[in-house]
Amino acid sequence: MSRAETDPIRRRPPSGGRPRAGAGPGVCTAADARAAVTEALAGHSAAGGRLLGDACLAVTELVTNAIRHAGGVTGFAARASEGGSVLTVDVEDASDAHPQGDRANLQDPTRLGGRGWPLIQLVAAGWEIQPLPGGGKRIRVVLTG
Amino acid sequence: MPGMTDHTPGAAGAAPVGVETVRARGELDWEDAQDFVRRLAAALDRPPRLLVVDFAEVTFADSSVLQGLLEAHRRMAEAGGRLVLAGPLREPVRRLLDLASATGYLHIAADADAAARCAPDPSALRPPRSPRA
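Protein chains in written order, with UniProt numbering: chain A, 1 to 145; chain B, 1 to 133.
I should point out that these hints are in silico values taken from the structure, not numbers from a laboratory. A quick note: this is a predicted structure, and the numbers were derived from the prediction, not measured. You can take every hint at face value.
Across the chosen pairs, the derived CB separations fall in these ranges: (1) A:L122 to B:E31: 16 to 24 Å; (2) B:P88 to A:G71: 35 to 43 Å; (3) A:Q130 to B:R46: 44 to 52 Å; (4) A:D108 to B:Q34: 19 to 27 Å; (5) A:G134 to B:P88: 46 to 54 Å; (6) B:D121 to A:A125: 42 to 50 Å; (7) A:R103 to B:D45: 28 to 36 Å; (8) B:D45 to A:E128: 42 to 50 Å; (9) B:V17 to A:E128: 49 to 57 Å; (10) A:G43 to B:E78: 44 to 52 Å; (11) B:R46 to A:R50: 37 to 45 Å; (12) A:P131 to B:A42: 38 to 46 Å.
Glycine included, C-beta positions come from ideal geometry on N, C-alpha and C.
Please model the entire structure based on the sequences and the hints provided.
Okay, structure coming up:
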């Protein structure tokens with residue numbers, strides 16, 4: 001069964017290539033982003049609850065960072081591999097500044113913040129930060145089930 | 001403010017009393033947790049001996065919620081009380097606490113009833129720490 005039959009409204013790049021940031025309409029909030037990754041993984045029985053849960057946490061932190069520090073999300077895409085065992089997420093914003101925070105921030109209860117980025121790094125299989133031609137950045141995070 | 005004098009270090013009988021519960025539900029993130037954060041802050045204005053934060057119905061929480069819990073935990077401890085997070089915790093919440101190693105220092109109870117039995121023993125309380133001198 002093709003995914004088109006099970007999930008006709010999924011957001012998928014037209015040629016099966018890289019996810020197009022900005023292709024997902026209307027991802028403005030962290031709740032939108034969680035809905036988008038839930039949709040991207042819907043119907044994939046191989047996608048365990050852990051992958052979906054970690055993906056929801058990662059996009060929530062990414063989108064919240066974009067809103068709090070960069071004026072909002074300028075592009076968003078989420079794409080599951082065939083079978084749903086790999087999820088690639090792109091979040092773009094207008095700031096060139098890279099996210100901050102390391103594992104010490106995450107696990108030190110006295111720190112006042114900076115836990116979002118180390119959380120993402122812990123749950124992700126990989127990540128990269130790409131500058132965008134017109135300014136701003138794209139953060140790509142890959143999660144595996 | 002009576003709350004200021006109640007926490008004078010070493011004052012006999014100054015240990016905070018009572019139990020308060022703050023319940024939250026649904027998905028809590030930086031945008032959607034404002035009401036929860038407000039209610040948590042209100043409870044901390046005059047810290048009870050036991051503050052139960054009931055997360056049984058919380059289906060998702062992010063780092064901003066964790067930050068709020070850690071801050072509340074610290075303020076409760078400084079006031080001579082205790083914050084207990086009541087479950088049963090859903091998997092996304094437990095995962096967040098595990099990732100941040102927060103299960104090692106947050107008090108967590110299986111459910112609200114168990115949390116209600118977790119008040120600190122008044123005789124074992126250290127004198128509350130002095131406010132900033």
